[in-house]
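Peer 1: Work out the full structure: start from the sequences and follow the hints.
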Amino acid sequence: MNIRMDKMTIGNIDIEVVTKAIKNIHLSVHPPNGRVRIAAPEKMDPDAIRLFAISKLSWIKKQITKFEHQDRQPKRDFVSGESHYFIGDRYLLNVIETTGKQRVEIRNKKYLDLYVRPGSTVEKREKIMTEWYRNYLKDVIPNYVKKWEGIMGVKVDSWGVKLMKTKWGTCNTSGRRIWINLELAKKNPRCLEYIIVHEMVHLLERHHNDRFIEYMDQFLPNWRSVKNELNEVTYESSRWSY
1 MNIRMDKMTI GNIDIEVVTK AIKNIHLSVH PPNGRVRIAA PEKMDPDAIR LFAISKLSWI
61 KKQITKFEHQ DRQPKRDFVS GESHYFIGDR YLLNVIETTG KQRVEIRNKK YLDLYVRPGS
121 TVEKREKIMT EWYRNYLKDV IPNYVKKWEG IMGVKVDSWG VKLMKTKWGT CNTSGRRIWI
181 NLELAKKNPR CLEYIIVHEM VHLLERHHND RFIEYMDQFL PNWRSVKNEL NEVTYESSRW
241 SY
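For what it's worth, UniProt numbering labels the leading residue of the sequence shown as 1, then goes sequentially.
Incorrect hints may appear among the rest.
Simulated pairs of lysine-lysine, BS3-like, Cα-Cα distance not exceeding 25 angstroms [said to hold, decoys possible]:
hint, residue 1, residue 2
1, K75, K110
2, K165, K75
3, K162, K127
4, K146, K20
5, K56, K43
6, K109, K138
7, K101, K138
8, K7, K61
9, K127, K101
10, K7, K20
11, K7, K66
12, K146, K167
13, K162, K227
What the hints contain is simulated information worked out from the structure, not anything from laboratory work.
Peer 2: What follows is the structure, given as structure tokens:
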């Protein structure tokens, strides 16, 4: 596929323009800072793309303003009283010193009890929380993969979980391997399933073109609303987008 990237500026707003072999023009504004992107058919006239952007300027500004006013969480100290998220729900952290097993437990659907060694560092407390999130994802991802392998008729040879700064997930189509962002443990499970489906669709269509969108519409008709939900709140300061 011949893909060309360019930039244009409309009303002091920089817009990334990608032209490729697609049928329709697509406009998106990405968190956390309102990065604007247009994907257009490769034969579409540049002036027509510019006119399209101008016609959508009011909407673009509205989306950018929304992202600018989002409540993003600051860097964590992992101390009692902090807010932390798990599967879309907000919990209050309660740090408990122990000589026993270091672990995380949910209590009363309100608290995350973090058991750590006396005098543990911020880094150590963060590591225990991170591994708890990772273990959750490793428990639930196989069921999603198995479910969608049967529906799609594809095979995922391997998958992994890691912290990514710019993507919620990736797919290596040649190796048939998908990676899932560790931060998805903090999101509603439907967001995790959407990303898994998205990455598995790449095994049917590598590129984000009209055929890819048709597959997404077929397998997960509500994917657009879940995508919006996924990007509504940025749980850390990393510049994620999808």
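Peer 1: Each hint: holds or not?
Peer 2: Hint check:
Using a Cα cut-off of 25 angstroms, the hinted pair K75 and K110 holds, with the two alpha carbons roughly 21 angstroms apart. Of the pairs offered as hints, the one joining K165 and K75 holds, with about 14 angstroms between alpha carbons and a cut-off of 25 angstroms not exceeded. At roughly 13 angstroms between alpha-carbon atoms, K162 and K127 fall within 25 angstroms of each other, so this suggested pair holds. For a cut-off of 25 angstroms, the pair hint linking K146 to K20 is broken: about 33 angstroms separates their Cα positions.
Proposed proximity of K56 and K43 is supported: the alpha carbons are some 21 angstroms apart, at most 25 angstroms. Among the hinted pairs, K109 with K138 is consistent with the structure: their alpha-carbon atoms are about 22 angstroms apart, no more than 25 angstroms. A C-alpha spacing of about 20 angstroms is found between K101 and K138, which places the hinted pair at or below 25 angstroms, so the restraint holds. With a C-alpha separation of about 17 angstroms, the suggested pairing of K7 with K61 holds against the 25 angstroms cut-off.
Between the alpha carbons of K127 and K101 the distance comes to roughly 14 angstroms, so the proposed pair stays at or under 25 angstroms and holds. Of the supplied pair hints, the one linking K7 and K20 holds, its CA atoms being roughly 14 angstroms apart against a limit of 25 angstroms. The hinted pair formed by K7 and K66 meets the criterion: a straight-line CA distance of about 23 angstroms does not exceed 25 angstroms. At roughly 23 angstroms between alpha-carbon atoms, K146 and K167 fall within 25 angstroms of each other, so this suggested pair holds.
Annotation: proposed proximity of K162 to K227 holds, straight-line Cα distance about 20 angstroms (limit 25 angstroms).
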